[in-house]
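J.: Construct the complete structure from the given sequences, taking the supplied hints into account.
2 protein chains.
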Amino acid sequence: MDPLETLKSYTRHASVSTDPSYAGGMQGAREFATKLLEQLGFSVEVVDTALHPILYAERIRNPEWPHVVLYGHYDVQPADPFKLWTSDPFEPEVRDGRIYGRGTADNKGPTVVHMSALSRVLEQFPDLPLNLSYVIEGEEEIGSPSMEKFFDSHGERLSKADFLLVSDTGSPNAEQIVVTTAIRGLVDLEIQLKGANVDLHSGIHGGAVYNPIQALTEICASLHNPDGSVNVPGFYDNVFPVHDWEREQLKQYPETEESYRKMLGVRGFFPANGLSPLEAVRYGPTLEFNGIGGGYQGEGSKTVIPSEAFAKITCRLVANQDPATIQNAVVEAIEARCPDELELSIRKGGTGEPYMVVPPGRPGASDDQPASLVRAFKSAESSIAEVFGKPPLFLREGGSIPVIADFKNRAGLDSMMIGLFTPLDNLHAPDESFDLSIMKNAITAFEKIIKDIAGV
Amino acid sequence: MDPLETLKSYTRHASVSTDPSYAGGMQGAREFATKLLEQLGFSVEVVDTALHPILYAERIRNPEWPHVVLYGHYDVQPADPFKLWTSDPFEPEVRDGRIYGRGTADNKGPTVVHMSALSRVLEQFPDLPLNLSYVIEGEEEIGSPSMEKFFDSHGERLSKADFLLVSDTGSPNAEQIVVTTAIRGLVDLEIQLKGANVDLHSGIHGGAVYNPIQALTEICASLHNPDGSVNVPGFYDNVFPVHDWEREQLKQYPETEESYRKMLGVRGFFPANGLSPLEAVRYGPTLEFNGIGGGYQGEGSKTVIPSEAFAKITCRLVANQDPATIQNAVVEAIEARCPDELELSIRKGGTGEPYMVVPPGRPGASDDQPASLVRAFKSAESSIAEVFGKPPLFLREGGSIPVIADFKNRAGLDSMMIGLFTPLDNLHAPDESFDLSIMKNAITAFEKIIKDIAGV
Numbered sequence: 000m001d002p003l004e005t006l007k008s009y010t011r012h013a014s015v016s017t018d019p020s021y022a023g024g025m026q027g028a029r030e031f032a033t034k035l036l037e038q039l040g041f042s043v044e045v046v047d048t049a050l051h052p053i054l055y056a057e058r059i060r061n062p063e064w065p066h067v068v069l070y071g072h073y074d075v076q077p078a079d080p081f082k083l084w085t086s087d088p089f090e091p092e093v094r095d096g097r098i099y100g101r102g103t104a105d106n107k108g109p110t111v112v113h114m115s116a117l118s119r120v121l122e123q124f125p126d127l128p129l130n131l132s133y134v135i136e137g138e139e140e141i142g143s144p145s146m147e148k149f150f151d152s153h154g155e156r157l158s159k160a161d162f163l164l165v166s167d168t169g170s171p172n173a174e175q176i177v178v179t180t181a182i183r184g185l186v187d188l189e190i191q192l193k194g195a196n197v198d199l200h201s202g203i204h205g206g207a208v209y210n211p212i213q214a215l216t217e218i219c220a221s222l223h224n225p226d227g228s229v230n231v232p233g234f235y236d237n238v239f240p241v242h243d244w245e246r247e248q249l250k251q252y253p254e255t256e257e258s259y260r261k262m263l264g265v266r267g268f269f270p271a272n273g274l275s276p277l278e279a280v281r282y283g284p285t286l287e288f289n290g291i292g293g294g295y296q297g298e299g300s301k302t303v304i305p306s307e308a309f310a311k312i313t314c315r316l317v318a319n320q321d322p323a324t325i326q327n328a329v330v331e332a333i334e335a336r337c338p339d340e341l342e343l344s345i346r347k348g349g350t351g352e353p354y355m356v357v358p359p360g361r362p363g364a365s366d367d368q369p370a371s372l373v374r375a376f377k378s379a380e381s382s383i384a385e386v387f388g389k390p391p392l393f394l395r396e397g398g399s400i401p402v403i404a405d406f407k408n409r410a411g412l413d414s415m416m417i418g419l420f421t422p423l424d425n426l427h428a429p430d431e432s433f434d435l436s437i438m439k440n441a442i443t444a445f446e447k448i449i450k451d452i453a454g455v
Numbered sequence: 000m001d002p003l004e005t006l007k008s009y010t011r012h013a014s015v016s017t018d019p020s021y022a023g024g025m026q027g028a029r030e031f032a033t034k035l036l037e038q039l040g041f042s043v044e045v046v047d048t049a050l051h052p053i054l055y056a057e058r059i060r061n062p063e064w065p066h067v068v069l070y071g072h073y074d075v076q077p078a079d080p081f082k083l084w085t086s087d088p089f090e091p092e093v094r095d096g097r098i099y100g101r102g103t104a105d106n107k108g109p110t111v112v113h114m115s116a117l118s119r120v121l122e123q124f125p126d127l128p129l130n131l132s133y134v135i136e137g138e139e140e141i142g143s144p145s146m147e148k149f150f151d152s153h154g155e156r157l158s159k160a161d162f163l164l165v166s167d168t169g170s171p172n173a174e175q176i177v178v179t180t181a182i183r184g185l186v187d188l189e190i191q192l193k194g195a196n197v198d199l200h201s202g203i204h205g206g207a208v209y210n211p212i213q214a215l216t217e218i219c220a221s222l223h224n225p226d227g228s229v230n231v232p233g234f235y236d237n238v239f240p241v242h243d244w245e246r247e248q249l250k251q252y253p254e255t256e257e258s259y260r261k262m263l264g265v266r267g268f269f270p271a272n273g274l275s276p277l278e279a280v281r282y283g284p285t286l287e288f289n290g291i292g293g294g295y296q297g298e299g300s301k302t303v304i305p306s307e308a309f310a311k312i313t314c315r316l317v318a319n320q321d322p323a324t325i326q327n328a329v330v331e332a333i334e335a336r337c338p339d340e341l342e343l344s345i346r347k348g349g350t351g352e353p354y355m356v357v358p359p360g361r362p363g364a365s366d367d368q369p370a371s372l373v374r375a376f377k378s379a380e381s382s383i384a385e386v387f388g389k390p391p392l393f394l395r396e397g398g399s400i401p402v403i404a405d406f407k408n409r410a411g412l413d414s415m416m417i418g419l420f421t422p423l424d425n426l427h428a429p430d431e432s433f434d435l436s437i438m439k440n441a442i443t444a445f446e447k448i449i450k451d452i453a454g455v
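The listed protein sequences derive, respectively, from chains P and Z. Letter 425 of the first sequence, counting from 1, is numbered 424 in numbering that gives the first Met the number 0, and no numbers are missing. Letter 337 of the second sequence, counting from 1, is numbered 336 in numbering that gives the first Met the number 0, and no numbers are missing.
Bear in mind the hints are in silico, worked out from the structure with no lab data behind them. The reader is advised that the hints may include incorrect statements.
Which copy is meant is left open, so a pair is good if it fits within one copy or across any two.
[As the list claims (entries may be wrong)] Distance condition first, Cα-Cα at most 35 Å in a straight line; then the derived DSBU-like pairs of lysine-lysine:
no., residue 1, residue 2
1, K82, K301
2, K148, K301
3, K301, K250
4, K193, K250
5, K34, K82
6, K407, K301
7, K261, K193
8, K148, K377
9, K7, K447
10, K347, K301
11, K34, K450
12, K193, K301
13, K377, K159
14, K261, K250
15, K193, K347
16, K82, K193
17, K301, K7
18, K450, K439
19, K450, K377
20, K439, K261
21, K7, K377
22, K250, K377
23, K159, K34
24, K148, K159
25, K250, K447
26, K7, K82
27, K377, K447
T.: Structural data, given as structure tokens:
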């Protein structure tokens, strides 16, 4: 297969999962991916969901062979605003070593990389001793709402595999590939405080009542200590420690504190618990205020005591932290700190498990990692070093990919996440693109990795 | 003059100052008030302003006589939403002892009360030994923006008078009249904190930076002590003390803490500095959060670290507190408490002076009150007792009427504020009305008060 032409064709199917008017593009992308899988010798099942079907494909020959599951998604983000694109987001164009188009990087490019590598390997080894499954969903960009039911129906079959191979994470640049070893979990909650029935005149009634904004800021301010650490009992109890080798890996990351500070445009950093800023976003849990509101927010002033005020909070959790336990601990702390004069409501939002795989051979690694996963990590290190010129860095990441934790918790599969995006790719933004040098090198590297997993 | 018919005619002039489409109503009301004043023997000057002219009228006969200035406003609030009115807001209708219409209470009814009383007195004493001035402005409902220039041009003439007579405040019901002895001052400011250049992904960057909402809540929370008092150095330095007689007056106020609590719909009160809730809104200064905002405020969650967050703050000040000093003290406290990692901007908004007149003979009263003001307060007490059946209560109020402080500061005039509104009047709301029994009794009481001031 011609990787570039394949990616161009795949990208032309405008598969925007959130917008019903793109149903044709969704169907086209699904059929295109199905055809690619069939050409590679997979039997493809189109698994119906409430919205966009999931492709489940298998190429299973011998239960004794190692078994790898590959994950991807055929849906893309909306392309609006169209006028900010240099070329049509759904008519891909190559400029200066990059292919531009919605989904070229997220996640169609990496999917084509995997398939191209697999195609090359299978040309050389038609009887490759490796069982393979594919899960390509169509709702990743809207939060993977159908994956839970998919694990109900397919979890057991998936659990017979050894591990998951994913390329839906990032690397700092085209020379330095990152293998992501962990993603943070998530806890969502919202607090609302109510005082009087209606907004009150702050002259007529000011001084008698507890202003809900005042109480809200007091509660919110209590949730961190002066050093920036989270002030909720038990919050740090089970935090997975930072190992020296992780700090060492991070030191090789091609970003300095100063370049990071300038990129964000902040005056200074405020990491907690003795972590550096670059460590804190990867290795530490957080309690973050995502939004706050109450009272008058227009121009100038309006002399009211608002009836209500609210704050939106999410926590990012690191490995070993239990989202439900943390959510309850935060809720209990808030309840305990809310003054009696106000009515408190708390919306407990969703939670997502953190996930971590310590690379085989590193301190803290699990003893019972499948031999194929051990080979895969070893090969990733040497193959990427050989092709890209530098070994990959094994780093935890700060974001959350709930489906990765689900593969672990619902099917027992660890993930090897090899990042093919870079910050230049403009994911989710106009002029999304995929680096053709990464594409070319990654196909070669994955060709080696697949062979090493199969032992050929 | 027939008070009810006069008020009906005055109300029919739809004098909404904020809406240019009511220019005809503004002019009609101005001309109507001018005619009334001329009929009472005043010479009327229509003082041009940038928007709505001010009526300045004089009936000055002998510099030896006492001299009273009466203040009112001929503009009204908008009547929208019209569909919530039982009858046309600008076609007044009498129902169940009340006259309904926009402006019947605020402030046309009280103006007609004053003029009707004056008319009766002048019928009996055409050569009444009392100099009188009138200031009737047309921009009270939009914040009296032209009064400053008016004091530039007319302050000196006004300063020759003895005091100001105003009925633009409230009483609890038709039996219990309140003479308002003080109004609170106002300080306005807004703080904004800026962190990163743009909203950041809370997964990718969470843990490295100081969330502006977090810092904002910490600063805001620091502005009160746990007991609810304001935690700003010097805030209470010059606060006019609460005298025992003021507490005694308030005990006779026909409202209990429990009825007040139920009316507001709060679970409990939170007054500071040992004041009761009913005392705190009158006798204590406040620092109140009127609005707060930052980050995502829509449904559900969005995992951002916002770039910015803001809070709107106003302080209500009691007598002797200097607005500029307090504003600076709050600004300095905020600046001192803002972490270095964030960029702080503070908008210093407007300020308004507090105002207080201690009724003659009460502890704390000024020694140099004009004899006419002493007679006025004495007569108000006895005349209102005689007509309404109960003596008035002399109470400070929590709201702010900047023009009252301006009459003091720009022309040296104290104010006797006799409240003719009640909470049933629906000021600024649909179905505004004025109580006809208050109207009738107040005319009789003011007739006596004017005679007593003149000594006839």
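J.: All hints, please: hold or fail.
T.: Now for the hints, and whether the structure bears them out:
1. Proximity of K82 and K301 under a CA criterion of 35 Å is satisfied inter-copy only: 25 Å between copies versus 39 Å inside one chain copy.
2. With identical chains, the CA atoms of K148 and K301 are at most 35 Å apart between copies only, with a shortest distance of 24 Å across copies and 50 Å within one.
3. Taking the closest pair of Cα atoms, K301 and K250 come within 35 Å of each other only across two copies (31 Å); inside a single copy the shortest separation is 51 Å, beyond that limit.
4. Proximity of K193 to K250 under the C-alpha cut-off of 35 Å is restricted to the inter-copy arrangement: shortest distance 29 Å between copies versus 48 Å within a copy.
5. For a Cα distance limit of 35 Å, the shortest separation of K34 from K82 inside one copy, 33 Å, qualifies, whereas the shortest one across copies, 64 Å, does not.
6. In this assembly of identical chains, K407 and K301 lie within 35 Å of each other by CA distance solely across copies; the values are 25 Å between and 52 Å within a copy.
7. Taking CA atoms no more than 35 Å apart as the test, K261 paired with K193 passes between copies only; the shortest distance there is 15 Å, against 40 Å inside one copy.
8. In this assembly of identical chains, the alpha carbons of K148 and K377 lie at most 35 Å apart only when taken from the same copy (34 Å versus 83 Å across copies).
9. In this assembly of identical chains, K7 and K447 lie within 35 Å of each other by CA distance solely inside one copy; the values are 25 Å within and 94 Å between copies.
10. Taking the shortest Cα distances, K347 and K301 sit within 35 Å of each other both inside one copy (32 Å) and across copies (14 Å).
11. With identical chains, the CA atoms of K34 and K450 are at most 35 Å apart within one copy only, with a shortest distance of 23 Å there and 102 Å across copies.
12. Taking CA atoms no more than 35 Å apart as the test, K193 paired with K301 passes in both settings, with 19 Å inside one copy and 23 Å between copies.
13. Taking the shortest Cα distances, K377 and K159 sit within 35 Å of each other inside one copy (22 Å), while across copies they are farther apart (97 Å).
14. In this assembly of identical chains, the alpha carbons of K261 and K250 lie at most 35 Å apart only when taken from the same copy (18 Å versus 62 Å across copies).
15. Taking the shortest alpha-carbon separations for K193 and K347, both the intra-copy value of 17 Å and the inter-copy value of 28 Å come in at or below 35 Å.
16. In this homomeric assembly, K82 and K193 come within 35 Å of each other (Cα to Cα) only across copies, at 30 Å, whereas the closest approach inside a single copy is 44 Å.
17. Taking the closest pair of Cα atoms, K301 and K7 come within 35 Å of each other only across two copies (32 Å); inside a single copy the shortest separation is 55 Å, beyond that limit.
18. In the homo-oligomer, the alpha carbons of K450 and K439 lie at most 35 Å apart inside one protomer (17 Å), although the nearest pairing across protomers, at 101 Å, exceeds that limit.
19. In the homo-oligomer, the alpha carbons of K450 and K377 lie at most 35 Å apart inside one protomer (12 Å), although the nearest pairing across protomers, at 105 Å, exceeds that limit.
20. In this assembly of identical chains, the alpha carbons of K439 and K261 lie at most 35 Å apart only when taken from the same copy (32 Å versus 72 Å across copies).
21. Proximity of K7 to K377 under the C-alpha cut-off of 35 Å is restricted to the intra-copy arrangement: shortest distance 32 Å within a copy versus 93 Å between copies.
22. In this assembly of identical chains, K250 and K377 lie within 35 Å of each other by CA distance solely inside one copy; the values are 21 Å within and 83 Å between copies.
23. Within a single copy, K159 and K34 get their C-alpha atoms as close as 25 Å, which meets the 35 Å cut-off; across copies the closest is 97 Å, which misses it.
24. Taking the closest pair of Cα atoms, K148 and K159 come within 35 Å of each other only inside a single copy of the chain (18 Å); across copies the shortest separation is 86 Å, beyond that limit.
25. Only within a single protomer do K250 and K447 lie at most 35 Å apart by alpha-carbon distance; the minimum there is 27 Å, versus 89 Å between protomers.
26. Taking identical chains as interchangeable, the C-alpha atoms of K7 and K82 lie at most 35 Å apart only when both belong to the same chain, with a minimum of 21 Å there against 60 Å between chains.
27. Taking the shortest Cα distances, K377 and K447 sit within 35 Å of each other inside one copy (11 Å), while across copies they are farther apart (102 Å).
In summary, the structure agrees with every hint in the numbered list given earlier.
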